[in-house]
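Novice: Sequence:
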Amino acid sequence: MIVREESAQLAVEKSSLKDPFHASVFYNPRMQFNRSLSSLAVGASGAKTLCDGLSASGARGIRYFLENGLEGVDFVDANPDAVKLLRGNVERNRVSGNVLEGGFNESVRKNYDWVEVDPFGSPAPFLEIAFQHAKKFVSITATDLANLCS
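Residue numbering for the sequence shown follows my numbering, beginning at 1 and increasing consecutively.
Everything labelled a hint here was simulated from the structure, so no lab data went into it. The structure presented is a predicted model; accordingly, all values stated were derived computationally and were not measured. Where is the CB? At the ideal position from N, CA and C, for every residue including glycine. One or more hints might be untrue.
Said to hold, decoys possible - Here are the computed lysine-lysine pairs in the BS3-like style, where the Cα-Cα straight-line distance is at most 30 Å: (1) K18 to K136; (2) K18 to K48; (3) K18 to K110.
Stated by the list, open to error - Ranges between beta-carbon positions, derived for each pair: (4) R30 to I2: 10 to 20 Å; (5) F21 to I140: 16 to 26 Å; (6) K14 to K48: 14 to 24 Å; (7) A41 to N111: 16 to 26 Å; (8) N98 to S45: 31 to 41 Å; (9) K136 to N98: 15 to 25 Å.
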């Protein structure tokens, strides 16, 4: 099903609207306000290149691109179902960039003005690579705050 989130049109699994934690491709509609605040931060930062690590549906990277005039976004996800959905969302929204299928730590090879880390679970395993490849900013989101303490 297609949902509209601000400037983006996103294909998402219908089940994710009620229970995002058990859908095969993660999309949490309750985090829309968080994504809006993050998009404002991206715009204020002056970033032109961005890596949306652990992209899932691509909601963050797609919105950041559409709302802030980025030059390009690289999307990374290891889930083949997510990559398929993500490619469609990137095309639907005419986003410039690449969709990389693979693990974040193994796939990120170039530097970006902004690196986004929004994992399902703890962000800890991704921090070293995120900081190595960020020219300016790293954004870390943990929907489940308990993951920051584990």
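Novice: Sort out whether K136 lies within 30 Å of K18, counting only the CA atoms.
Specialist: With Cα atoms ~36 Å apart, K18 and K136 exceed 30 Å; violated.
Novice: Confirm or reject the claim that K14 and K48 have a C-beta distance inside 14 to 24 Å.
Specialist: Cβ of K14 to Cβ of K48: about 35 Å, so the range 14 to 24 Å is violated.
Novice: May I ask you to test the hint 10 to 20 Å on the CB atoms belonging to R30 and I2?
Specialist: At 18 Å between Cβs, range holds.
Novice: Holds or violated: K18 and K48, Cα atoms, limit 30 Å.
Specialist: Judged against 30 Å, a Cα distance of about 34 Å means the pair is violated.
Novice: Look at the Cβ atoms of A41 and N111 and judge whether their distance stays inside 16 to 26 Å.
Specialist: holds (19 Å)
Novice: Starting from the range 31 to 41 Å, see whether the pair N98 and S45 falls in it by beta-carbon distance.
Specialist: violated (21 Å)
Novice: Would the hint linking K18 and K110 be met if the CA-CA limit is 30 Å?
Specialist: Given that 30 Å is the threshold and the Cα spacing comes to 36 Å, the pair is violated.
Novice: Indicate whether the distance between the beta carbons of F21 and I140 respects the range 16 to 26 Å.
Specialist: Given range 16 to 26 Å: holds, Cβ gap about 19 Å.
Novice: Could you check the hint for me, namely that K136 and N98 are 15 to 25 Å apart, CB to CB?
Specialist: At roughly 20 Å between Cβ atoms, N98 and K136 fall inside 15 to 25 Å, so the hint holds.
In summary, the structure is inconsistent with hints 1, 2, 3, 6, 8 from the numbered list given earlier, while agreeing with the others.
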